[in-house]
Amino acid sequence: MAFESLTDKLQNVFKSLRSKGRLTEEDVKSALKEVKMALLEADVNFKVVKQFVKAVEERAIGQDVLTGLNPGQMVVKIVNEEMISLMGSETTEITFAPGKAITVIMMCGLQGAGKTTTTAKIAGKLKLKGKKPLLVACDIYRPAAIKQLQINGEKQEVDVFAMGDNNKVSDIAKASIAHAEKNGHNVVILDTAGRLHVDEDMMAELQEIKQVLTVHQTLLVVDAMTGQDAVNVAKEFDEKVSIDGVVLTKMDGDTRGGAALSIKAVTGKPILYVGMGEKLSDLEQFYPDRMANRILGMGDILTLIEKVQVDIDEEKEREMASRMKKGKFDFNDYLESMKQMKKMGGLSSIMGMLPGMGKMKDIESMVDEKQLARMEAIVLSMTPAERENPKLLNPSRKHRIAKGAGVDIAVVNRFIKQFEQSQKMMKQMPGMFGGKKGRGGFPMGGFGGRKFF
Amino acid sequence: MSEEKLGFFARLKKGLTKTRNNIVSGLDALFSGFSKIDDDFYEELEEILIMGDLGVRATENIIDEMKERVKKDHIKEPAQLKEVLIESIKEQMQVTEAEYAFEKEQSVVFVIGVNGVGKTTTVGKLAGKLKNENRKVLMAAADTFRAAAGEQLTEWAHRAGCDLIQGAEGADPASVIFDAVSAAKARNVDVLLCDTAGRLHNKKNLMEELRKMNRIIDREFPNAHRENLVVLDATTGQNALQQAREFGEVADLTGIILTKMDGTAKGGIAVAIQSELKIPVKYIGVGETIDDLQKFDSNAFVNALFDVKQSEEMDDGTENVNIGEI
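Just so you know, the protein sequences line up as chains Y and L, in that order. Each residue of the first sequence is one higher than the one before, starting from 1 at the first, in the numbering used here. Each residue of the second sequence is one higher than the one before, starting from 1 at the first, in the numbering used here.
Please note that a few of the clues may not be correct.
[As the list claims (entries may be wrong)] Derived lysine-lysine pairs resembling DSSO-like cross-links, with alpha carbons at most 30 Å apart: (1) 147/Y / 136/L; (2) 147/Y / 71/L; (3) 203/L / 125/Y; (4) 131/L / 147/Y; (5) 127/Y / 147/Y; (6) 204/L / 29/Y; (7) 77/Y / 100/Y.
[Said to hold, decoys possible] Calculated Cβ distances over 10 Å to all of chain L for the following chain Y residues: (8) 22; (9) 97; (10) 127; (11) 147; (12) 150; (13) 181; (14) 198; (15) 210; (16) 211; (17) 228; (18) 229; (19) 233; (20) 272; (21) 335; (22) 402.
Note that these hints are calculated values from the structure, not bench results. On a predicted model such as this, the values are computed, not experimentally measured, just so you know. Note that CB positions come from ideal geometry on N, CA and C, so glycine has one too.
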């Protein structure tokens, strides 16, 4: 529900705006107000939102609105680009110590973020890469934390090093390195206890680990559902123990995950992985673009925006719209719009990308792509003259077409009838096409509507 | 592109520094820093509320309400409005002694929530608290999923000095609940505390599993006072509202336990939940020892909500925003 809201809101904001050309200050401001709300609802930190929106505003005012987009979509496109560039344009990997040296990874974070589970998940990933990881139980406080790591280690078939809960954590960590050297492990992952970023003693414990041995990667594990406080948490951890990367957990929930943006903004450190479930294999690479979409709550409309940009031949588009307006739409135009649509991945894929439609599970059944292919075959079986002038189609010609397309004559008759009806409809509603240029970029426009499928 | 990024962070840094200069100490600064109630004033109030995780909607509602009060009661001084604001939130969040009736009756406490909010720890603390009040407590370890969850609760049972009913890892949690309810009746226990596995509220089958456990308690122990508590992490943002809503679909929630209130998070989403779903916060978790569970105090909560000292600290460190690495 919250997912569609930004799109819907923006559509309302821009309903009245038909202007093309450059984005005016007014366009941008009214759109950004909704974007700001969406970001706050997604839990992006207030201050980060404020600065971010300001940056976007400066960039957006005066920009040209691309063909096929309305001003609202254009603003969203800029917002999205800014957000992706902010979150890092590419996926990052854990860096390993050079040569045969043991890579030491230290996990840290608040209580309940999912450190122990993530530790085991990362171990599984590294194992697949041919590494030999050793998990180290450094949480000596939470009851049964050691046991939890041991069970998870067993499930992942990786070794776990533990010294009970009566030793100093830095001693355990040091001893684990010796153990790893002896047993041929090349990655050591320290699973530390959850701690509050304001707990001086506990933060000092992590600093001590980093003093007694070389930690190559310090990873902060953060719950994706974290609210405004994410900036405080990330900043404190980064300042006190200097983090190298972030793992975002519980992303299989329905949170929009604005914390990702906040954390990135205050620490500048890359997000390496996202936790996507309770199974130990549920750890995925982080994709900044997907995250940006999720935070914005725009579904895949952005993908659609991109496709519109790339795929639509503007000239042809304009020509077709004007022909439609005059009611001169013929079978050639039909073929052309089919071609455009196919370029964009077919009708069902386009419909799936439209906000609100994504949730309709029966898109597949609504849109019968096979049916569309059949229609195309019918048109292709016509002569160029017939395509231009459907009036030529007498019974004998229809029979020939039916044979050529491999369909029953009744199908041909129905198709032609529907085509004529939509032609009439278009003539009656010229406003549907010409006037609203911003939206007119959609090849199927109002063509015949759902009658065809 | 990199220039733009740098620009953004430089601006962010500047913005934060500026905010540091503006905010002295929370609500007092807000109300004494403004001589009149104007748009800037409301904007600052909005910032404080949103930074406290109240969410956009609850914040807007509060500000609208304040604006109305200003008009109706002819409030001119920010200080006057301060009283109105504090009172209004306090009043809304107030819990009466009656809300804790289950502590004194024969009851089943069903503790539910998403992963990592602190359910097991909370159950342990609650057991310790009730034990201190001379109640006969039994715990049910119905988290048969997470590795070593049973062991974790065993340790808490040991600390609290109460009995525990447990199932094997991977066992049907509903069967553990069934056994625990039978045991509670047989042993004439005062309070049965049921710890459940953390689950995200959008996982249909896991929520169904919870519904089944709830049904079993209802069916097997109809005379017991039912207390269904959802545990929420104070650090959580707007998603907590969705959590409360979805868990409320499975079992009629009678209260919220807000954990990790000893950090810098304000738990303001509880205000939004209270106004939308009418579920009161009953306890807060403030640490890891057995005594660190407190009854909810709306006074302390509202004061903490407006105490923005932490964001000052945050501002101090913005020098460290590492622009080069982005």
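Broken hints, by number = Failing hints, ascending: 2, 6, 7, 11, 12, 14, 17, 18, 19.
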